[in-house]
Amino acid sequence: GAGVSQTPSNKVTEKGKYVELRCDPISGHTALYWYRQSLGQGPEFLIYFQGTGAADDSGLPNDRFFAVRPEGSVSTLKIQRTERGDSAVYLCASSLQRGGPSGELFFGEGSRLTVL
Amino acid sequence: GDSVTQMEGPVTLSEEAFLTINCTYTATGYPSLFWYVQYPGEGLQLLLKATKADDKGSNKGFEATYRKETTSFHLEKGSVQVSDSAVYFCALRQGAQKLVFGQGTRLTINP
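If you read the sequences in order, they're chains A and B. Per the working numbering, the first sequence starts with residue 2, numbered consecutively. Per the working numbering, the second sequence starts with residue 9, numbered consecutively.
No lab work stands behind these hints, which were simulated from the structure alone. Small disclaimer: the values here were computed from a predicted structure and weren't measured. Please note that the accuracy of each hint is not assured.
[As the list claims (entries may be wrong)] Calculated cross-link-like contacts (lysine to aspartate or glutamate; reagent style DMTMM-like; alpha-carbon spacing at most 20 Å):
(1) A:K18 x A:D57
(2) A:K12 x B:E50
(3) B:K60 x B:E50
(4) A:K12 x A:E110
(5) B:K60 x A:E105
(6) A:K79 x A:E105
(7) B:K85 x B:E23
(8) B:K60 x B:E77
(9) B:K64 x A:E105
(10) B:K85 x B:D62
(11) B:K68 x A:E105
(12) B:K76 x B:D10
[To be verified] Among the chain A residues that face chain B by a calculated CB cut under 10 Å, a handful are:
(13) Y34
(14) Y49
(15) F108
Heads up, the beta-carbon is just placed ideally off N, CA and C, and yes, glycines get one too.
Using the sequences plus the hints, can you model the full thing?
Dropping the structure here:
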């Protein structure tokens, strides 16, 4: 498929553990976004990459959250010392270049994280 | 900061009914406005968009008009189908920045 791919689709972990979530964007899309969606809420912005660099990380809730995109394609969201409040669906989206003000973001199906 | 407020759900309608889902926004400047839809078991996908005041976005029988004077972007459809059952999200975007979403409205259409 040519869409945004996220793995794993489901992750159950214990409080205090470390978790990595992977996003493989659409080929050729240079912009990549991470969002978090809690039950019954809209997606909340976490971080945005343009190429390899984080252009805006203002949505990361604290220093336990970190994301990388070393080669400007695949991105990994890393969560240290997970807490029960981190349980949510983590969404990744990509778009062409910056996409402009009307540019479409293409979303993956998300990674559901459950922290016990 | 910028924000989007949507009509609270869930909304339940019968097939062929008229649909309105209200959306209002708060933003500095002139954002682009979007409706995204999330069908069961699928990722978010763009339904329609409008980039400036008085623009009307339309797709799959859905319409929404960008109203600057009322800071609104209400979603409408004249005759809904069972296949329209989904969660609908209103969103705005300033320039090339992040999308800001509303909380979503779950729509269920009964046959």
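A quick look at each hint next to the structure:
As the CA atoms of A:K18 and A:D57 are separated by approximately 26 Å, the hinted pair breaks the 20 Å bound. Taken as a hint, the A:K12 and B:E50 pair is honoured in the structure, with Cα atoms around 18 Å apart against an allowance of 20 Å. Annotation: proposed proximity of B:K60 to B:E50 is violated, straight-line Cα distance about 29 Å (limit 20 Å). For the hint pairing A:K12 with A:E110, the CA-to-CA distance comes to about 14 Å; that is within 20 Å, so the pair holds.
For the given pair, B:K60 sits about 16 Å from A:E105 by alpha-carbon distance, which is consistent with the 20 Å threshold. Of the supplied pair hints, the one linking A:K79 and A:E105 is violated, its CA atoms being roughly 26 Å apart against a limit of 20 Å. For the hint pairing B:K85 with B:E23, the CA-to-CA distance comes to about 11 Å; that is within 20 Å, so the pair holds. As the CA atoms of B:K60 and B:E77 are separated by approximately 12 Å, the hinted pair is consistent with the 20 Å bound.
About 17 Å separates the Cα atoms of B:K64 and A:E105, which keeps this hinted pair within 20 Å; it holds. The straight-line distance between the Cα atoms of B:K85 and B:D62 is roughly 18 Å, inside the 20 Å bound, and the hint therefore holds. Simply put, B:K68 and A:E105 have alpha-carbon atoms about 17 Å apart, close enough for the 20 Å limit, and the pair holds. Taking the CA atoms of B:K76 and B:D10, the gap is about 15 Å. The hint holds against a cut of 20 Å.
The interface hint given for A:Y34 holds, since its Cβ lies 7 Å from the closest Cβ of chain B, which is under the 10 Å cut-off. Taking 10 Å as the C-beta cut-off, the interface hint given for A:Y49 holds, the closest approach to chain B being about 6 Å. At its closest, the beta carbon of A:F108 sits 4 Å from a beta carbon of chain B; the interface hint therefore holds under the 10 Å criterion.
When the structure is compared with the earlier hints, violations turn up for hints 1, 3, 6 and for no others.
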